[in-house]
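Novice: With the hints as your guide, set chain H onto chain Z.
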Amino acid sequence: MAGVAVSTTINGDHVEYLCQPDETLLEVLRDRLGLTGAKEGCGTGDCGACSVIVDNRLVCSCLVLGAEAEGRQIETIEGMAHGDQLHPLQQKFLEHAALQCGICTPGFLIAAKDLLAKNPSPTEEEIRFGLAGNLCRCTGYDKIVRAVQDAANVMKGA
Amino acid sequence: MNFDPRYSNRSFSSVGTRPIRPDGVDKVTGRARYGADFNMAGQLVGRILRSPHAHAVIKKIDTSKAEKLAGVKAVITAKDLPDLTDGDAAMYDILDNCMARKKALYDGHAVAAVAAIDARTARQALKLIEVDYEVLPHVTDVDEAMKHHAPLINDAIFTEGLEEKPVKPSNVTKRTQYGHGDVHQGFAQADFVVERSFKTEQTHQGYIEPHACVASVNPDGTAELWVCTQGHFVYRQHCAQLLGMEASKLRVTSSEIGGGFGGKTHVWAEPVALALSRKAGRPVKLVMTREEVFRASGPTSATSIDVKIGAKKDGTITAAEATLRYSCGPYAGMWAEIGAMTAFACYKLENVKTVGYEVLVNRPKTAAYRAPSAPMAAFAVESAVDELAKEIGMDPVDFRIKNAAQEGTRASYGPVYGPIGIGPTLEAVKNHPHMKAPLGLNQGRGMACGFWFNFGGQTCTDLNIGMDGSVSLAVGTVDVGGSRASLSLVAAEELGIDYSHVKAIVADTSSLGYNDMTDGSRGTFSSSMATISAARNAIKVLRERAAQMWDIGVDDVAWEKGHAVAKGEKHGNLGKLSLKEIAAASGKTGGPIAGHSELVADGAGVSFATHICDIEVDPETGSTRVLRYTVVQDAGKAVHPTYVEGQYQGGAAQGIGWALNEEYIYGKDGRLQNPGFLDYRIPVCSDLPMIDTQILEIPNPNHPYGVRGVGETSIVPPLAAIANAVSNAVGVRMSHIPMSPPRILAALEAEREG
Numbered sequence: 001m002a003g004v005a006v007s008t009t010i011n012g013d014h015v016e017y018l019c020q021p022d023e024t025l026l027e028v029l030r031d032r033l034g035l036t037g038a039k040e041g042c043g044t045g046d047c048g049a050c051s052v053i054v055d056n057r058l059v060c061s062c063l064v065l066g067a068e069a070e071g072r073q074i075e076t077i078e079g080m081a082h083g084d085q086l087h088p089l090q091q092k093f094l095e096h097a098a099l100q101c102g103i104c105t106p107g108f109l110i111a112a113k114d115l116l117a118k119n120p121s122p123t124e125e126e127i128r129f130g131l132a133g134n135l136c137r138c139t140g141y142d143k144i145v146r147a148v149q150d151a152a153n154v155m156k157g158a
Numbered sequence: 159m160n161f162d163p164r165y166s167n168r169s170f171s172s173v174g175t176r177p178i179r180p181d182g183v184d185k186v187t188g189r190a191r192y193g194a195d196f197n198m199a200g201q202l203v204g205r206i207l208r209s210p211h212a213h214a215v216i217k218k219i220d221t222s223k224a225e226k227l228a229g230v231k232a233v234i235t236a237k238d239l240p241d242l243t244d245g246d247a248a249m250y251d252i253l254d255n256c257m258a259r260k261k262a263l264y265d266g267h268a269v270a271a272v273a274a275i276d277a278r279t280a281r282q283a284l285k286l287i288e289v290d291y292e293v294l295p296h297v298t299d300v301d302e303a304m305k306h307h308a309p310l311i312n313d314a315i316f317t318e319g320l321e322e323k324p325v326k327p328s329n330v331t332k333r334t335q336y337g338h339g340d341v342h343q344g345f346a347q348a349d350f351v352v353e354r355s356f357k358t359e360q361t362h363q364g365y366i367e368p369h370a371c372v373a374s375v376n377p378d379g380t381a382e383l384w385v386c387t388q389g390h391f392v393y394r395q396h397c398a399q400l401l402g403m404e405a406s407k408l409r410v411t412s413s414e415i416g417g418g419f420g421g422k423t424h425v426w427a428e429p430v431a432l433a434l435s436r437k438a439g440r441p442v443k444l445v446m447t448r449e450e451v452f453r454a455s456g457p458t459s460a461t462s463i464d465v466k467i468g469a470k471k472d473g474t475i476t477a478a479e480a481t482l483r484y485s486c487g488p489y490a491g492m493w494a495e496i497g498a499m500t501a502f503a504c505y506k507l508e509n510v511k512t513v514g515y516e517v518l519v520n521r522p523k524t525a526a527y528r529a530p531s532a533p534m535a536a537f538a539v540e541s542a543v544d545e546l547a548k549e550i551g552m553d554p555v556d557f558r559i560k561n562a563a564q565e566g567t568r569a570s571y572g573p574v575y576g577p578i579g580i581g582p583t584l585e586a587v588k589n590h591p592h593m594k595a596p597l598g599l600n601q602g603r604g605m606a607c608g609f610w611f612n613f614g615g616q617t618c619t620d621l622n623i624g625m626d627g628s629v630s631l632a633v634g635t636v637d638v639g640g641s642r643a644s645l646s647l648v649a650a651e652e653l654g655i656d657y658s659h660v661k662a663i664v665a666d667t668s669s670l671g672y673n674d675m676t677d678g679s680r681g682t683f684s685s686s687m688a689t690i691s692a693a694r695n696a697i698k699v700l701r702e703r704a705a706q707m708w709d710i711g712v713d714d715v716a717w718e719k720g721h722a723v724a725k726g727e728k729h730g731n732l733g734k735l736s737l738k739e740i741a742a743a744s745g746k747t748g749g750p751i752a753g754h755s756e757l758v759a760d761g762a763g764v765s766f767a768t769h770i771c772d773i774e775v776d777p778e779t780g781s782t783r784v785l786r787y788t789v790v791q792d793a794g795k796a797v798h799p800t801y802v803e804g805q806y807q808g809g810a811a812q813g814i815g816w817a818l819n820e821e822y823i824y825g826k827d828g829r830l831q832n833p834g835f836l837d838y839r840i841p842v843c844s845d846l847p848m849i850d851t852q853i854l855e856i857p858n859p860n861h862p863y864g865v866r867g868v869g870e871t872s873i874v875p876p877l878a879a880i881a882n883a884v885s886n887a888v889g890v891r892m893s894h895i896p897m898s899p900p901r902i903l904a905a906l907e908a909e910r911e912g
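In order, the protein sequences belong to chains Z and H.
The first sequence begins at 1 in my numbering and counts up one residue at a time.
The second sequence begins at 159 in my numbering and counts up one residue at a time.
Pulled out of the complex, with its shape left as it was, chain Z reads as follows:
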């Protein structure tokens, strides 16, 4: 199979790569670009561990083809902090211990960022449904929901 040449923007940086037509964006990020922050938990769009934002839309990168990234703006977990300044969500996840094993954390942070961008003052129920596409097996979600609530308050005050 011939490779597809793709020109895209990832975390604000211009990136070019060749990928196979059937290669997912997740495979490109992890295996070609070394951006291993997005995780493969299922490969079928059920767990959300590979969540990234493509043109302001939250997606499972395992369900997007690498070739589809052409001309898009992609945000991954690696671009969430600004230099040594953690994003308020990252900080609140740490403070609330909203992670145990941490494998789902990048996906949750990306999904929560997308949620708060669209709804800066979500109710608990809105947070729970907003993050229902991301699986966590360790925490029971309690501390994740509290971290997002706390981060939302901080971000509103900022």
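Keep in mind that the hints are not guaranteed to be accurate.
Which stretches of chain H does chain Z cover? Using the computed rule of at least three CB atoms under 8 Å from a CB of chain Z, they are [unchecked claim]:
# : region
1 : 333 to 347
2 : 355 to 369
From the structure, some residues in chain Z lie toward chain H, with a derived Cβ separation under 8 Å [said to hold, decoys possible]:
# : residue
3 : 17
4 : 32
5 : 36
6 : 37
7 : 46
8 : 104
9 : 117
In short, the hints are calculated from the structure, not lab data.
Just so you know, even glycine gets a beta-carbon here, dropped at the ideal spot from N, CA and C.
Specialist: For chain H alone, kept in the frame of chain Z given last:
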């Protein structure tokens, strides 16, 4: 070393606080490296071919076409993993599970594997491998497998533990029995007897990270393995034994682990990856797909349990009996035995008897899952206990308090308890506002108790003090949920320095002595004991160095709040020396300062919990909603309370999934029908309420700080607590887990037709 592990009452300055974990920033920035996040130069991609049949003789495997495919560097079958187990039946089973030898024993059993230059080539190569199967009759249900006419999974198995030696082979590998007293006499004294049968379906640990490793076997016979595991030292031993290597030549590094819950205590694909690397002469990365994780790793036992409990009118239990049948997959296990040990552990019983049967079925090999075997036994027993309380007309909490085990009680599985938390958790539940909150239409409240042994085991820790006064703590127990934070707190506490000056890491198998794996809720219990011991050894060195700096006798130097202090009036003008000052001078006083500890952490204190939950049931659809959930559990001493709460909440959430929704569904063809997160649905954020926690601290007398393991007990009560809640909501006793909508509707219908 004369380390005294006994508990002594003390006040804490670091332990009990809630700092941010040392590995936290890496995990929120995506930098933490898990099993699949590591790569090596020249690395190949490994993939495994799996049996589509539940039970089949492997007559022939033709790999020639796959070997000829461009880009394929190695193809292996069982021939490439010859039997070197030398009569060790348990190791042989592990070998056979990693790569089927004569028969495929379950849908998903590995039969061959390839290593190729990329994933696409590897997938193509799998399709070119031709396996000639002779399909055999299969059995996947635990009760069916016990019947005389059931297909035999292993004709060399004759049931152990029977009074008469059996003459025919059986799917029942072993019978075990626990208890004391005379149950017949006990039941004769009872005014009320409840007798009921229960079933639970098979569930998976459901860790979000699939099994993943990178194996690299070098031409000189040394090898490296990077792997997500709960126990890299054990993986090293197992892999080395299966591959015929010296363990010392295999260095295993545990990656960050994306959940294990017991499922990453067993080797699965790692020996296969090493065999592929050995054959190909290149590193091989092998990552399971989610489908493979469900079909070929985990899961827990499916069970069938009969319980009979009798009590007097005043609520005293006179006798308790249970028969427990646990599926083991196709290999012998001790899952029913653990169930038989834990079933009645919460209670003070004069007459108790439990019998366990280990049952082979054509399902994946049963693996440990968080307090393995205890939740199912607790479901059956705690359901019957609730029913009995109702028959007597007693409040279920009061009934349990009346019969709860205490210090000095002989446990149903043998030992006599020391100070334990079952009574206090019940009293806390009795007084909890949750128990008094009003309920609405179609809502029910349930509560239940749970027990877990906890484990200690071999443990080894190095504590190195840098010249800048920082402390590096190398531990050998894999951190599955924040233990590096807890162990750093313990080191800070013992040394009397700030938490920020300590950083704990998990060392690889070449950097530290042997450690048992992180199982049995032992991580923080055992490694904190070793850390305290190592810190005390370091303090001894620090005192010697201070004595040298002051030119006084070491007996005149005490260690107080992170400082050496000269004792006695004659040294009154010497002031103090901080750890940092002593460390800075260490180059001139004898070199680096460190403390080491190697010990067997005996005396893991047993753990008890009591849970309360409120459930609403829709009688039209049978769907359920968890309205409120409360966990009360004894932690001994909560080292990092936030992570203790996290263990309580996480176990409860897994139990909720197990109770209400999760199950392996097999078709008549013996194939798993739901090997994915869409059809095997674990609880999502919108399924759950906040999970309230209450930490009790009844010190473990066998740990300097009183610590008990906390990780597992929290999954024991939920099945029963939720079953009791649903039963109370709908007025029908639920006896089959999970209580999915169809099962609840069927139970309601059966009651109506009753």
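Novice: All the hints need checking, so say for each whether the structure fits it.
Specialist: These are the hints, each one checked on the structure:
1. 333 to 347: Result for this restraint: violated, n = 0.
2. 355 to 369: holds (count 6)
3. 17: violated (15 Å)
4. 32: violated (11 Å)
5. 36: holds (4 Å)
6. 37: holds (2 Å)
7. 46: holds (4 Å)
8. 104: This hint holds: residue 104 of chain Z lies near chain H, its Cβ roughly 5 Å from the closest one there, short of 8 Å.
9. 117: violated (18 Å)
In summary, the structure is inconsistent with hints 1, 3, 4 and 9 from the numbered list given earlier, while agreeing with the others.
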